[in-house]
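Protein chains: 2
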Amino acid sequence: MSEDQDLGITQSKIHNTGEWYAEVVQKAELANYGPEGMSGFIVTRPRAYGLWERVQSYLDTRFKQTGVQNAYFPLFIPEGYLEREKEIVEGFDPEVAWVEQAGRNELEERLAVRPTSESIIAPYLSQWIRSYRDLPLRVNQWTSVVRWEATETKPFFRTKEFLWQEGHTAHATRADAWAETMLRLNQYESTYEDLLAIPVLQGAKPEHDKFPGADTTTTVEALMPDGKSVQGATSHYLGTEFADAFDITYTDTDETSRVAHTTSWGLSWRALGALIMTHSDNQGLVLPPTVAPEQVVIVPIWQTETKERVLEYAEDVANNLDDAGIRVELDDRDDQNPGFKFNEWELKGVPLRAEIGPDEATEGTVTLIHRPDGESITAERSEIVETVQEQFDAVYAKLYAAAEETLNSNIRIAETRSELLGTIGQHGGYVKTPWCGDEGCETAIKDEIAAEIVMVPISSDEDDEQDTTDENMGVNNDTTVESNEK
Amino acid sequence: MSEDQDLGITQSKIHNTGEWYAEVVQKAELANYGPEGMSGFIVTRPRAYGLWERVQSYLDTRFKQTGVQNAYFPLFIPEGYLEREKEIVEGFDPEVAWVEQAGRNELEERLAVRPTSESIIAPYLSQWIRSYRDLPLRVNQWTSVVRWEATETKPFFRTKEFLWQEGHTAHATRADAWAETMLRLNQYESTYEDLLAIPVLQGAKPEHDKFPGADTTTTVEALMPDGKSVQGATSHYLGTEFADAFDITYTDTDETSRVAHTTSWGLSWRALGALIMTHSDNQGLVLPPTVAPEQVVIVPIWQTETKERVLEYAEDVANNLDDAGIRVELDDRDDQNPGFKFNEWELKGVPLRAEIGPDEATEGTVTLIHRPDGESITAERSEIVETVQEQFDAVYAKLYAAAEETLNSNIRIAETRSELLGTIGQHGGYVKTPWCGDEGCETAIKDEIAAEIVMVPISSDEDDEQDTTDENMGVNNDTTVESNEK
Ligand SMILES: [Zn+2]
Ligand SMILES: [Zn+2]
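Here the protein sequences come in this chain order: V and F. Whatever position you read off the first sequence (first residue = 1), add 15 for our numbering. Whatever position you read off the second sequence (first residue = 1), add 15 for our numbering.
Please note that a few of the clues may not be correct.
Note that the list lumps identical chains together, so a pair holds whenever it fits in one copy or between two copies.
[Unchecked claim] Derived lysine to aspartate or glutamate pairs resembling DMTMM-like cross-links, with alpha carbons at most 25 Å apart: (1) Lys79 to Glu68; (2) Lys79 to Glu222; (3) Lys42 to Asp462; (4) Lys42 to Asp149.
It is worth saying that the hints were derived from the structure and are not from the lab.
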């Protein structure tokens, strides 16, 4: 078994969360670090890229069902375009990678490798939109972006290049743009809750922490097991400020020229980080069946004299599941024993293991084991497809329930400042508390303990933006929110 | 009708092919040129990106069915890595865009924006492959690459950044790697012939024109209506030279360490260029139904007194087609007349138009018009789904037959050098001719007329690589092959 231990996870999720996470990513073959000279970059291996493809497919299908079209804008953005955006937003300048030389020549104007694409997309929206008939206009692109943050690398959470999608839309009215903002936020929520088995909280960022230039930044936040909040995705109602700056106007039905209302929204591969972090354990990766590359692995258990009939039975089960569209792997390797195989597939996060030995073959059954907790079920061979599908649902429900329990038990209430400090200091997690709307009150808390406002209630009311009162409830958290995303 | 002419194509496909192509791309809303300071870049609009998505989906499905997994490698490659590759290949140095500054700092080693990813993928293949059990290993990525070519921009044919896929595989034996090379070449052929309605020729590049470092470069070539050959995609058998240089070795069943045989293969959005160029005409874009964003557009034709029943009937037909999974658009705009609509949808390349007026509504029919040639069919309302699907097949067959006719009538035979010069000089297109295998004989032709060897017969025989004899047939062409792809 010493060979197994080399392959297995040696760090503890509770005691060394960071080291444990890095080990799971490495040993479950999700990612490697980039080459020397490229710290902050990762190589996304097929097992992780497959997870990203399932997130893409889930979200992209919903985008297309709701009027979004994909497009592709250049990788580079001329410096002058970024400058133009800087008139309204602070910009990403300190984090930009610049191309100054290309081919045999020095460029006349240096080009930014896109840190986000607002400033190159907006001028084209301006060209494409002429009249109210062209609205709403919705484009999205799936790309990588580069932000040269000087923090320690954490695969899928903090990397200098990351994969994401960015959607940009223009609308005739404030109401339409608001509906769009919330539609995308709800699609992000559904991605977390219905695909990744992670419950999230919906809210808005406080005024001083929203996307620069946005009217309102909405967010879905997920609580990690170490008590930190992860910003799962954001959806911005940009008002008319961007459209004003980039001349995104349209001729209305009454022939008047009006400024469009715009939105933007993005989800990055940080969703994979949250996925890995939330469900996995000291045996390795744990994945919900919705996204797992292999949903069920069959491990046949034989002696020399039973090998033939066990394998024949196992192959038959595998074919049956495969025909039903289930992602099944039959691990019939000769050179590894079942214990080794159990450990390897547990490490890789396969949600359901099917054990088939001579008893199962004789009795016409299959033993199914849940990855998260080892619960064992005896399935009838004749009902194997239905039973496996039911057990997928059961595993999903277990993962979701555990994450929900973590979330619910970590939302505490504080009515006063000293209650708040005491509660977060002792427990971490979130605290629901009234907030006057003044940034100074947050700063005072930040100075005492590393906590900040994660969200305030979403309000679409045009007039109340500055009117945050003691009636509003902020949700706090024991650490800064990850900053790898807009 | 003057408004229509503004919107329509003004250039002639035959007389000004280049200008005509640029106009179709622009007016069919496929792409815009990049911003000032970024000549050579294009913005891929949704109508073109949707075409790329269908190519991706077709090919990616087939890749996955045949053992390929997608991955994602960093956008940047350290200069030292490119240098290492240069020991075996000439490299892309003169075409590379370099990042020297990122964040607030000058980088210690400059980074290339990937022109292709061999040099960063190979070291990871080396890490991941330990024993024969890890073979074959197949990874692919869908990305953009940057090559700073100083030629005139031609959307999808010549751009400084282009979208593509690059696959990289390692195998235990030469035979396996050869089979892989041909499998991918056949998948490319199928993409052109079964999805894009473009017949292609399969062949190998002559020794002096193969991918540097490759053992054999295979290609699919499509003949454009202007008599130029487009290299549609390439698949390289790399032998063991790359694996040697990057230490891609494996422990074989007999415990011996052996060098792997590798392949690489790629298809770029040049396929969209070939698609647009091949089928379109002086009325605008023409697309096969397999990839068209709208497969059929319904144009209702009404007078005030017939409007209600015509529209009701048309909506019912639209719902019926939509339910059957057909991409249908009902153009019920009030503010444009049918003639305007006909022109607009012709310009945009919708393969089938359905006209519905009071007569159709009364008689229970639908008039269907083929985009390529205006052929008109009366369909029974009760059989509309089947008839529309049949007409899709008919339109596809028409497009393919026309392209095949162009191809076949432009492959000529020449037995002697003077025959060859005469034939190409007069007709362009391809010439099938014996070739001694000596580059000098090609140069002599090149010097007289702008023609070069497009392909020689594919041979997988290990010993005959240098043994090209007069028995082999080269295929020539009146111009250089596009060079936007490996
Ligand atoms: Zn206060
Ligand atoms: Zn010769």
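Numbers of unmet hints, in rising order: 2 and 3
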